[in-house]
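J.: Sequence:
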Amino acid sequence: MVAEKPAGTSSNNPLEQFVLLAKSAKGAACVELIKQVLEAPGVHVFGELLDMPNIAELQNGPNSIYFDTLNLFAYGTYKEYLASKDKLLELTPVQIKKLQHLTIVTLATKNKCIPYSLLLKELDIKNVRDLEDLIIEAIYADIIHGKLDQKNSQLEVDYAIGRDIRPADVGIIISTLQEWCDSCEAVLSCVETQIHRANAEKNRKNKHKEAIELEIQNIKKSLKTQQAQQQAAMDSDEAMAVDPPEIGFDKGKKPAKSKGRGSGKFWQKS
Numbered sequence: 001m002v003a004e005k006p007a008g009t010s011s012n013n014p015l016e017q018f019v020l021l022a023k024s025a026k027g028a029a030c031v032e033l034i035k036q037v038l039e040a041p042g043v044h045v046f047g048e049l050l051d052m053p054n055i056a057e058l059q060n061g062p063n064s065i066y067f068d069t070l071n072l073f074a075y076g077t078y079k080e081y082l083a084s085k086d087k088l089l090e091l092t093p094v095q096i097k098k099l100q101h102l103t104i105v106t107l108a109t110k111n112k113c114i115p116y117s118l119l120l121k122e123l124d125i126k127n128v129r130d131l132e133d134l135i136i137e138a139i140y141a142d143i144i145h146g147k148l149d150q151k152n153s154q155l156e157v158d159y160a161i162g163r164d165i166r167p168a169d170v171g172i173i174i175s176t177l178q179e180w181c182d183s184c185e186a187v188l189s190c191v192e193t194q195i196h197r198a199n200a201e202k203n204r205k206n207k208h209k210e211a212i213e214l215e216i217q218n219i220k221k222s223l224k225t226q227q228a229q230q231q232a233a234m235d236s237d238e239a240m241a242v243d244p245p246e247i248g249f250d251k252g253k254k255p256a257k258s259k260g261r262g263s264g265k266f267w268q269k270s
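When we follow this note's numbering, the leftmost residue of the sequence shown carries the number 1, and every step to the right adds one.
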């Protein structure tokens, strides 16, 4: 089951108006501001608001419960809320759903395929039907992109919004990014090495090919020379067979007389 990103989502920052209000809000006004921002649609990061001086003042005062609840929405999960429920605000259904959506985002940062069993446990939901409805709402709210793999009972996440980062986690993130950079450099070095090897092998094969082609040309030339020599020899033999050489005589010399019979003498009978 695939759920697509809805069209026409807003690109404005809905938290900005609350940050501006927090500059002048004091005491009860800050408390009311926190209540509103926890229910405001489209607001899923709160770190900038937590850093506002007027909001930070609530941390150690009688209204610390509001600051702690806002801090939970910035960094925590629904399971953490249930574990510290007596120290936090009692959430409305809208606030509960938002915190559950943020919990899915946190789980998605650890595993892109989240089993239904884990989601049911972390979100404190009793049946799969309610879980899938919650996930579909998160997708249509543009909080996550993905699909419901009902056959394997899991959520496959393609994208999830970013959440606020705890100051204590910055070092871990830096370390992770450094490891990623080191891995990229190692891969790049390996690729460059393979390129050099491929180029060297290509040059070797080209030289070998050129040597073979040169040898072939030399063999062809040698064969042509041999054929020309053989043809010349054959032509010479044929010429000698057709026109044999004449027997010559020296001038001034008479042919020798034959001896014996036919020598030129005649005998008379007695």
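What the hints contain is simulated information worked out from the structure, not anything from laboratory work. The reader is advised that the hints may include incorrect statements.
For each label pair, taking beta carbons as the anchor points, the in silico distance ranges come out as [claimed, not checked]: (1) Val170 to Asn203: 44 to 52 Å; (2) Ser64 to Arg166: 14 to 22 Å; (3) Gln194 to Ala56: 37 to 45 Å.
Please read these numbers as outputs of a predicted model, since none were measured by experiment. All C-beta atoms, glycine included, are put in the ideal place defined by N, C-alpha and C.
J.: Go through the numbered hints given earlier and state which of them the structure violates, listing their numbers in rising order.
T.: Failing hint: just 3.
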